[in-house]
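Starting from the known structure of chain A, arrange chain B on it as the hints suggest.
Number of protein chains: 2
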Amino acid sequence: MEFYKNLKFKDEVPKYIQVANFIKNLIDKRKIKEGDKLPTIRSLSKELGVNNVTIVSAYNKLKSEGYAYQKVGSGTYAKIKDVSSSFRKEYSRALKKISTKDLTEVVDFTGETTGEVLFPIDDLKYIINEVLERDGANALLSENRNGYTNLINTINKVFWNSKLNEEDIIIVSGAQQGIDIASKGILNINDNIIVEKPTYVGALSVFKWRKVNLFEVPIEEDGINLDKFEKILQKNKIRCFYTMSYFQNPTGISYSLEKKKRILQLAQIYDFYIIEDDYLSELIYEQSLDYIPFKWLDTNNRVIYIKSFSKIFLPGIRLGYLVAPTLFREVLQNSKHNTDITTSSLMQRALELYIASGRWKENIKYLNDEYIERYTYMKFILDEEFKDIITYIDPKGGLNFYLTLKDNMIDTKELFIELIKRDVYITPGAMFFTSQMYGQDSFRISFYQTDKYKIEKGMKILKEVLLDLTEKNNKK
Amino acid sequence: MEFYKNLKFKDEVPKYIQVANFIKNLIDKRKIKEGDKLPTIRSLSKELGVNNVTIVSAYNKLKSEGYAYQKVGSGTYAKIKDVSSSFRKEYSRALKKISTKDLTEVVDFTGETTGEVLFPIDDLKYIINEVLERDGANALLSENRNGYTNLINTINKVFWNSKLNEEDIIIVSGAQQGIDIASKGILNINDNIIVEKPTYVGALSVFKWRKVNLFEVPIEEDGINLDKFEKILQKNKIRCFYTMSYFQNPTGISYSLEKKKRILQLAQIYDFYIIEDDYLSELIYEQSLDYIPFKWLDTNNRVIYIKSFSKIFLPGIRLGYLVAPTLFREVLQNSKHNTDITTSSLMQRALELYIASGRWKENIKYLNDEYIERYTYMKFILDEEFKDIITYIDPKGGLNFYLTLKDNMIDTKELFIELIKRDVYITPGAMFFTSQMYGQDSFRISFYQTDKYKIEKGMKILKEVLLDLTEKNNKK
Numbered sequence: 001m002e003f004y005k006n007l008k009f010k011d012e013v014p015k016y017i018q019v020a021n022f023i024k025n026l027i028d029k030r031k032i033k034e035g036d037k038l039p040t041i042r043s044l045s046k047e048l049g050v051n052n053v054t055i056v057s058a059y060n061k062l063k064s065e066g067y068a069y070q071k072v073g074s075g076t077y078a079k080i081k082d083v084s085s086s087f088r089k090e091y092s093r094a095l096k097k098i099s100t101k102d103l104t105e106v107v108d109f110t111g112e113t114t115g116e117v118l119f120p121i122d123d124l125k126y127i128i129n130e131v132l133e134r135d136g137a138n139a140l141l142s143e144n145r146n147g148y149t150n151l152i153n154t155i156n157k158v159f160w161n162s163k164l165n166e167e168d169i170i171i172v173s174g175a176q177q178g179i180d181i182a183s184k185g186i187l188n189i190n191d192n193i194i195v196e197k198p199t200y201v202g203a204l205s206v207f208k209w210r211k212v213n214l215f216e217v218p219i220e221e222d223g224i225n226l227d228k229f230e231k232i233l234q235k236n237k238i239r240c241f242y243t244m245s246y247f248q249n250p251t252g253i254s255y256s257l258e259k260k261k262r263i264l265q266l267a268q269i270y271d272f273y274i275i276e277d278d279y280l281s282e283l284i285y286e287q288s289l290d291y292i293p294f295k296w297l298d299t300n301n302r303v304i305y306i307k308s309f310s311k312i313f314l315p316g317i318r319l320g321y322l323v324a325p326t327l328f329r330e331v332l333q334n335s336k337h338n339t340d341i342t343t344s345s346l347m348q349r350a351l352e353l354y355i356a357s358g359r360w361k362e363n364i365k366y367l368n369d370e371y372i373e374r375y376t377y378m379k380f381i382l383d384e385e386f387k388d389i390i391t392y393i394d395p396k397g398g399l400n401f402y403l404t405l406k407d408n409m410i411d412t413k414e415l416f417i418e419l420i421k422r423d424v425y426i427t428p429g430a431m432f433f434t435s436q437m438y439g440q441d442s443f444r445i446s447f448y449q450t451d452k453y454k455i456e457k458g459m460k461i462l463k464e465v466l467l468d469l470t471e472k473n474n475k476k
Numbered sequence: 001m002e003f004y005k006n007l008k009f010k011d012e013v014p015k016y017i018q019v020a021n022f023i024k025n026l027i028d029k030r031k032i033k034e035g036d037k038l039p040t041i042r043s044l045s046k047e048l049g050v051n052n053v054t055i056v057s058a059y060n061k062l063k064s065e066g067y068a069y070q071k072v073g074s075g076t077y078a079k080i081k082d083v084s085s086s087f088r089k090e091y092s093r094a095l096k097k098i099s100t101k102d103l104t105e106v107v108d109f110t111g112e113t114t115g116e117v118l119f120p121i122d123d124l125k126y127i128i129n130e131v132l133e134r135d136g137a138n139a140l141l142s143e144n145r146n147g148y149t150n151l152i153n154t155i156n157k158v159f160w161n162s163k164l165n166e167e168d169i170i171i172v173s174g175a176q177q178g179i180d181i182a183s184k185g186i187l188n189i190n191d192n193i194i195v196e197k198p199t200y201v202g203a204l205s206v207f208k209w210r211k212v213n214l215f216e217v218p219i220e221e222d223g224i225n226l227d228k229f230e231k232i233l234q235k236n237k238i239r240c241f242y243t244m245s246y247f248q249n250p251t252g253i254s255y256s257l258e259k260k261k262r263i264l265q266l267a268q269i270y271d272f273y274i275i276e277d278d279y280l281s282e283l284i285y286e287q288s289l290d291y292i293p294f295k296w297l298d299t300n301n302r303v304i305y306i307k308s309f310s311k312i313f314l315p316g317i318r319l320g321y322l323v324a325p326t327l328f329r330e331v332l333q334n335s336k337h338n339t340d341i342t343t344s345s346l347m348q349r350a351l352e353l354y355i356a357s358g359r360w361k362e363n364i365k366y367l368n369d370e371y372i373e374r375y376t377y378m379k380f381i382l383d384e385e386f387k388d389i390i391t392y393i394d395p396k397g398g399l400n401f402y403l404t405l406k407d408n409m410i411d412t413k414e415l416f417i418e419l420i421k422r423d424v425y426i427t428p429g430a431m432f433f434t435s436q437m438y439g440q441d442s443f444r445i446s447f448y449q450t451d452k453y454k455i456e457k458g459m460k461i462l463k464e465v466l467l468d469l470t471e472k473n474n475k476k
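Quick note, the sequences are listed as chains A and B, same order. Using full-length UniProt numbering, read the first sequence as starting at 1 and increasing by one per residue. Using full-length UniProt numbering, read the second sequence as starting at 1 and increasing by one per residue.
Derived by calculation from the structure, the hints in this document are not laboratory data. Possibly wrong hints are sitting among the right ones.
For chains that are exact copies, the list does not tell them apart, and a pair is met inside one copy or across any two.
Okay, derived cross-link-like pairs now, DSSO-like style, lysine-lysine, Cα gap no bigger than 27 Å in a straight line [to be verified]:
no.: 1; residue 1: LYS37; residue 2: LYS396
no.: 2; residue 1: LYS208; residue 2: LYS406
no.: 3; residue 1: LYS37; residue 2: LYS125
no.: 4; residue 1: LYS37; residue 2: LYS237
no.: 5; residue 1: LYS237; residue 2: LYS71
no.: 6; residue 1: LYS211; residue 2: LYS61
no.: 7; residue 1: LYS97; residue 2: LYS231
no.: 8; residue 1: LYS63; residue 2: LYS237
no.: 9; residue 1: LYS311; residue 2: LYS125
no.: 10; residue 1: LYS237; residue 2: LYS361
Bound-form chain A, shown alone (with noise of 0.2 Å):
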């Protein structure tokens, strides 16, 4: 109730205009944050001294803005003003609207559908029968907390010469669950956590839903900005860091050996933790990009490994793994078990047969073939017909291009809206802000679900609609 003390009321302007004003000033500032309670009815008219009515018109205004929102049967909570919230929704909806349509002519950019899936399913079927044929019933019950035993073993040896603790790993059902577990057990409500600008929106809704508070930094070419990053911990005292340490997503940018080393020392001088969530790591495309992700530059039990298996094995199987600490192994396994008890049995016996058979790494040598022609192909398009409008960062690797606009009279969200008029889908910028103040010059292309066929055709779209659009926004 302490702010409200300095609300002094002046004659001209009605009482409740200035109670809302003076509550969304301190929402802007963050004062009050995102998911705070309001004081009820009648403490604040009470603390004011002014009517009842006063206070619900006050309310009314704040809800009608978008800066606070109604609990049934529990009262008022502030709420960040997002202006780009209801874009969101917008940008949901057309993609559902994508199953929907001919798929032979939807260009769909934004890689977040799977219309097309690369994998032999024969293979899978052949492999989810070997497992019931050799497993019996046993594929079909609970596996411990941790996960399938077979399957942390082949982990291990596969993709950590068999170096790491069996007992840090816990299988999880994908990657959003990993940045969710972790955050139940090493995030506390009010704790300081940093986050790349721009980031990866779904651990951003699972950090706001934990109630911490975000800090961002902003991403350049080899990592994030190590100065800003440094004020930040010098200020603040800083829980975590999550991090995609390859083809950071939207940015498409891979941290530089020094960075990782660099962050790694301030983790240890500022004890904080790093959430290194690893997606996509397995397309790299240029020599040039080494493989060496922060856990296993990690001497000091700084970084909570996350790997996700979705875009590469399977989306519809959500299967993925976590390396805890060993500091964080029981709570975190706590954290996995009271989130849904254990991943399901039979797809972690799939995948561990489908890995210890080597079918894993024919894939993904397959994988890349296929996605190194289309990656090629994009960037060839993108340097011989956009040089002179747009700007990005070439990936070398990953799934995505992350372009921005020289002019900028251009919105990309504006851009996207007149895009799916001609069945070309891409995601705009503000898709990964926590404010839309952001990105409105840049978007996300991913070449995930567009053969080469397609992507001539969507880029000459994409062309033709950027171009008369500039050609439109001049003309205003």
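Just chain B now, with coordinates in the frame of chain A:
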């Protein structure tokens, strides 16, 4: 900090002990809550006018006594003293060892392991292959966030006579996830919630993690004690009530129709929500017990219904669903999405085909036939052999009996320890309470993993050990 002003030091006792005792008292009285951060060393020493060392020693004392815990780089936090937590670990460890034993010898009355599964594996193989044949790659892609549309439709048709709004159904990865999602979706820090006493510990963990205030209401033969329930409602703003309406875990009781109706009335009057955890209602052995869950009676959109398939379908295939009141539809969908995006697509499709093809009903019939025999036999033994030493409420269904010793000379944790020496496993009552002060005279036995032969063998050993212990304790 305001609490600490009341601490007045006396001369005769070391100050650090006085500080520790003062805080212990605050924790015991719940003025400081589980997980609350204790003041920093510096601020408390300043506040109390003592040396830093005094506070460090006080905190160390609290930690060594289980009243506080350290978070690396974050400070010291209060912990509700739970004497039983070391026993919980002992219990888990013992259960883990079961799998290393000769399973033909072990009698596992805990119902928490799954050595045996009454499920035709060949059926599942057939179904999975049929799904892969029929749907091809689609079976491996992500579903929309609510789940596989046909499964939602089939659930509505087969289990709800198509009366539900299908947009209110969300497929989840088992009931535990349902509880986690509901908790994240509708509960805030410091919300008040009511739980049954005793209750399912997996739910308690989720709620504690969400940092809510728990109120416990004792279970009677036909549901919770309504007087105590309403007294809590009168004095506190309650957000929700978590209940298992059929074969409550561990007590095995089911709610009478009257109590369900009254609780729904109270929900409307006092404006709270009901989380109904329906984990076993398919197993009803006595016709006198009608199946009418809260959700059927829910005319005011008060019930979040969570259905588990784990015990009935397959424990290793984490599947269940949640029916959300329309009001919470969106927040619960988002909560699911942030938790793990979606539930395994292939398994959703397999379950759908399993239900739609009629195999579900066949298998339920088979399970009922099998379990009713075990239930009847166990009841027969209890009535014949244990009537002088044990009381119980007839569950009329489900998989468990909850037994109470007439002679409370024996602590059932002690009984547990003696029984595992003879390879018989039970679940002591203390496992279902937040404090080990309760449940010492009761324990749960399940026939989920015991056929008639094992029931006979196990109950014989149980009786011997019980009589031995009674004799031993009487001599003391």
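Evaluation of the provided hints:
When the C-alpha separation of LYS37 and LYS396 is checked against a cutoff of 27 Å, the pair qualifies neither within a copy, at 46 Å, nor between copies, at 46 Å. For the identical chains of this complex, LYS208 and LYS406 are neighbours neither inside a copy (33 Å) nor across copies (51 Å), given an alpha-carbon limit of 27 Å. Taking the shortest Cα distances, LYS37 and LYS125 never come within 27 Å of each other, neither inside one copy (52 Å) nor across copies (52 Å). With identical chains, the CA atoms of LYS37 and LYS237 are at most 27 Å apart both within one copy (24 Å) and between copies (15 Å).
Taking the shortest alpha-carbon separations for LYS237 and LYS71, only the inter-copy value of 13 Å comes in at or below 27 Å, while the best intra-copy value is 32 Å. Within a single copy, LYS211 and LYS61 get their C-alpha atoms as close as 24 Å, which meets the 27 Å cut-off; across copies the closest is 31 Å, which misses it. Taking the closest pair of Cα atoms, LYS97 and LYS231 never come within 27 Å of each other, the shortest separation being 44 Å inside a single copy and 51 Å across copies. Taking the shortest alpha-carbon separations for LYS63 and LYS237, only the inter-copy value of 23 Å comes in at or below 27 Å, while the best intra-copy value is 33 Å.
When the C-alpha separation of LYS311 and LYS125 is checked against a cutoff of 27 Å, the pair qualifies both within a copy, at 19 Å, and between copies, at 26 Å. Taking CA atoms no more than 27 Å apart as the test, LYS237 paired with LYS361 passes in neither setting, with 42 Å inside one copy and 57 Å between copies.
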